[in-house]
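Participant: Residues per chain are reported as follows:
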Amino acid sequence: MKHIKILSRNRLQDTMLTGTCEKCSASCQSACKTSITVGNTICYTKVENK
Amino acid sequence: MIKGQVHVFTYKDKNIVLDVNSNSLFTVDELAKEIIHLYPSFTLAEIIGKLNGKYDENKITEAYQEIQQLHQEGIIYSEGVLPEEEHDPEEFEIKSMCLHVSHDCNLRCKYCFAGTGPYGQKRSLMTFEQGKKAIDFLVSQAKNTSHFEIDFFGGEPLLNFSVVKQIVAYAREKEKETGKKFDFSLTTNGVYINEEVEEFIANENINLILSIDGRPEVNDKMRPMDDGSGSYQTIVKNYQRINSERSGNADNRYGRGIYTYYRGTFTSENLDFANDVLHLSDLGFKRISVEPVVLPENRKYAIKKDHLPELFEQYDVLTESYLERKGTDKEFHFHHFEVDMEEGPCFSKRITGCGAGYQYMAITPEGDIYPCHQFVGKKEMIIGNLKEGFTNKKLMNKFRNTNIYTKPACKECWARHLCGGGCHVNAYGFNDDLNKPYEVGCELTKKRFENALYLKVLELEQE
Ligand code: SF4
Ligand code: SF4
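So the sequence lines, in the order shown, correspond to chains A and B. So the first sequence is numbered by the UniProt record's numbering: it starts at 1 and just counts up by one. So the second sequence is numbered by the UniProt record's numbering: it starts at 1 and just counts up by one.
Next comes chain A alone, as it looks inside the complex (with noise of 0.2 Å):
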């Protein structure tokens, strides 16, 4: 493509629909104390399968 670069490709929206699998963080308690961001949190399942 001569005007789009695409550089990272996902499908966010068919990941896990049927609930979460509970391995993620569930507060902000261990790192900013204030405000969770659900974008700089880690996936604990993506990172134990590799």
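Derived by calculation from the structure, the hints in this document are not laboratory data. One should not assume that every hint holds.
Once the Cα atoms are required to be at most 30 Å apart in a straight line, the calculated DSBU-like pairs of lysine-lysine come out as [said to hold, decoys possible]:
no., chain 1, residue 1, chain 2, residue 2
1, A, Lys46, B, Lys33
2, B, Lys394, A, Lys2
3, B, Lys446, A, Lys5
4, A, Lys2, B, Lys50
5, B, Lys33, B, Lys411
6, B, Lys59, A, Lys5
According to the in silico footprint, chain B covers these stretches of chain A (three or more CB under 8 Å from chain B) [stated by the list, open to error]:
no., region
7, 4 to 15
8, 21 to 29
9, 38 to 44
All values derive from a computational prediction rather than experimental measurement. Note that beta-carbon positions come from the ideal geometry of N, C-alpha and C, so glycine has one too.
We have chain A; now place chain B with the ligands onto it with these hints.
Facilitator: Same frame as chain A, now just chain B with the ligands:
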């Protein structure tokens, strides 16, 4: 059905496009950027009409067709469906617990949300008996959870260090008995860190959240000791010792092995807070999280809407410094710039944000159970106690059923799958409504994500 949405913005020389539902990331040239702003509301002929004179018609057609192709393939403006989740309203699995082992503190921080320790109640320490009950309760109510996260919090938890040690020892016994695992963290102001504490945290693999606001004058103005003197000299000495001992953990992040965060707060007194982050980096600290104070607008030190332009500039300064220091011995990680496009949590998690009140709870020295550490002291938010268990499942269900698609502002917001809907405490505190996020916080969140996405673009371009 969740309709397709993109966020287009320019940062420095990059035109960046985020596809909101898929979390895909693109860069585009100026022409494609202009077309994306008009697409899909306008037809090709209309877009040519609007952009003619500025761009060659063939080029407009070419760029339009690229966008159209990606759209048809579901790569941009991608749609989604809401997850189907059914919960038994009587059943909960809380896996994270904040143990308020001390409702007392040796500092008198001016912005403290705990009212310098007691959360508007009496100063008190948790007994070992109460801590034991909390561990037992945690394990008994979460039958399917194999991994628990526990934070020792206060006030200052090291004022009750002997009980912290007893609770950890008890939990280790429980691990053997039940096969479940406990990860611990300690949030401390650092004054009482000594050899004994260091040995304990090293032996027990305790994660650390170490409070410090940055430059000495900033820290000491806001975080004085109970006798009014500054805390900076004492804590920096302690933190640097810890930092050298735990340097092997510098790359570990929240949720990945053993980690150490240096956690500061900025207020209206230090709107130039990038200097505080850089000061912490100069001290050799690697994982830094410096957060805006959350206080009502009429309170001294509060962050207000008028401060936003200056704060945005500060995030830009940090972005530049982050790049300059990358690969040098001053490299640092800023918590809010660490956005994963591929390794982050799944869609279901992103919709709900934190698990306050249904996956997370805070326990006071008296045994009251709150949905989150920051709700402590707001009696109407009590969801139970250690004697009777959960007593307000209605409220717990309210937390569980509040998500970005129940919040009108979040539903339309481009940052929603990165943000998760903001902090419940802020929504409740500022707007008296869990479904109405705190606006100033939203503006800061969105700015930080734009900068983080810019850094991500640079990283991906180098791969
Ligand atoms: S930034 Fe604000 S409006 Fe956007 S998703 Fe987060 S809380 Fe909701
Ligand atoms: S984001 Fe807010 S409500 Fe959620 S755990 Fe953190 S402080 Fe509590």
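Participant: Each hint: holds or not?
Facilitator: Going through the hints against the structure:
1. A/Lys46 with B/Lys33: 33 Å, violated
2. B/Lys394 with A/Lys2: Given that 30 Å is the threshold and the Cα spacing comes to 55 Å, the pair is violated.
3. B/Lys446 with A/Lys5: 23 Å, holds
4. A/Lys2 with B/Lys50: Given that 30 Å is the threshold and the Cα spacing comes to 21 Å, the pair holds.
5. B/Lys33 with B/Lys411: 24 Å, holds
6. B/Lys59 with A/Lys5: 16 Å, holds
7. 4 to 15: holds (count 12)
8. 21 to 29: Holds: 9 residues of the region 21 to 29 of chain A have a Cβ under 8 Å from chain B.
9. 38 to 44: Coverage by chain B holds for the region 38 to 44 of chain A (7 residues, Cβ < 8 Å).
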